[in-house]
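Residues in the sequence shown are numbered from 690 upward in steps of one, following my numbering.
Since the hints were derived computationally from the structure, they do not count as laboratory data.
Wrong hints could be hidden among the right ones.
[As the list claims (entries may be wrong)] The following label-pair restraints were derived from C-beta to C-beta distances:
{"id": "1", "residue 1": "815", "residue 2": "870", "range": "28 to 34 Å"}
{"id": "2", "residue 1": "899", "residue 2": "770", "range": "35 to 41 Å"}
{"id": "3", "residue 1": "909", "residue 2": "839", "range": "34 to 40 Å"}
[To be verified] Below, computed lysine to aspartate or glutamate pairings styled on EDC-like, alpha-carbon distance capped at 16 Å:
{"id": "4", "residue 1": "746", "residue 2": "719"}
{"id": "5", "residue 1": "914", "residue 2": "733"}
{"id": "6", "residue 1": "780", "residue 2": "748"}
{"id": "7", "residue 1": "723", "residue 2": "906"}
Please read these numbers as outputs of a predicted model, since none were measured by experiment.
Cβ atoms here follow ideal geometry from the backbone N, Cα and C, with glycine treated the same way.
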Amino acid sequence: MAIFTIGDLHLSLGAQKPMDVFPGWQGYVEKLEKNWRALVRSEDTVVLAGDTSWAMKLEDTAKDFAFLQQLPGQKILLKGNHDYWWTTVKKMERFLEQSGFDSLHILHNNSYCVEGAAICGTRSWMFDVGEEHDEKVMNRELGRLRMSLEAAQEGCEKLVFLHYPPVYPSANATQVIDLLTEYGVTRCFYGHLHGAAIRYAVQGKANEIDYRLISADALAFCPYKIT
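Given only the sequences and the hints, what does the whole structure look like? Please build it.
See the structure below:
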């Protein structure tokens with residue numbers, strides 16, 4: 690079994706939100722499927738780090754989730770800033786069960802143990818918080834990340850997946866980094882950055898944590914193998 694990750698698929702098979710209007714995204718669904726099938730086996734796990742579907746409502750994700758369902762492997766989904774369909778865990782799990790999407794699982798205030806690794810994570814928030822609203826959202830996300838880390842099975846390496854980048858050349862989400870350090874996290878994967886912003890992403894080790902950008906276009910629509 691292997692663990693892969695990729696974020697920001699921005700699927701719009703059931704919505705009028707084509708991504709191929711952006712440079713480099715032409716035919717991306719076909720590229721994604723080809724690369725996925727070439728790498729991922731049925732016994733593998735793929736962590737999808739947010740912005741999975743452009744659907745506005747949970748029921749509108751059906752075509753996007755059906756596409757993911759027919760791809761090999763188990764998929765673990767966390768929330769991104771454009772996942773407007775996201776609702777309560779209970780509603781999402783019921784929808785997945787009733788729709789027969791048994792390879793899709795929700796990462797929210799919890800953790801999954803896969804091949805000796807604890808899959809932890811949350812959406813997180815922007816590092817340049819300044820407004821009162823931003824502070825409230827960041828504190829809520831920190832609480833969710835802590836709950837996820839606390840839920841990790843003892844003895845497993847904690848792998849953390851975030852949607853927003855915790856590090857950037859000009860600023861850091863210090864509270865997020867402090868929490869990762871507190872729980873002994875040494876590998877963190879994040880998405881959200883696209884286009885020209887990819888070149889500025891922090892990649893590699895910083896403060897004893899190894900960071901990797903895994904947004905879909907940064908990976909050329911090819912799932913990144915972790916283990």
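Beta-carbon spacing of residue 815 to residue 870 - inside the hinted bounds 28 to 34 Å or not: Cβ of residue 815 to Cβ of residue 870: about 20 Å, so the range 28 to 34 Å is violated.
Does residue 748 sit within 16 Å of residue 780, going by the straight-line distance between their CA atoms? Roughly 10 Å separates the two Cα atoms, so the pair holds.
CB of residue 899 to CB of residue 770, is that within 35 to 41 Å? 24 Å, violated
Agreement of residue 914 and residue 733 with the hint, judged by alpha carbon distance not exceeding 16 Å: 10 Å, holds
Are the Cα atoms of residue 723 and residue 906 separated by 16 Å or less? The given pair, whose Cα atoms are some 15 Å apart, holds under the 16 Å limit.
Does the beta carbon distance between residue 909 and residue 839 stay inside 34 to 40 Å, or does it fall outside? Given about 35 Å between the Cβ atoms, the range holds.
For the pair supplied as a hint, residue 746 and residue 719, confirm whether the alpha-carbon distance does not exceed 16 Å. Given pair residue 746, residue 719 is violated - Cα atoms ~24 Å apart, limit 16 Å.
The structure fails to meet hints 1, 2, 4 from the earlier list, while all remaining hints are met.
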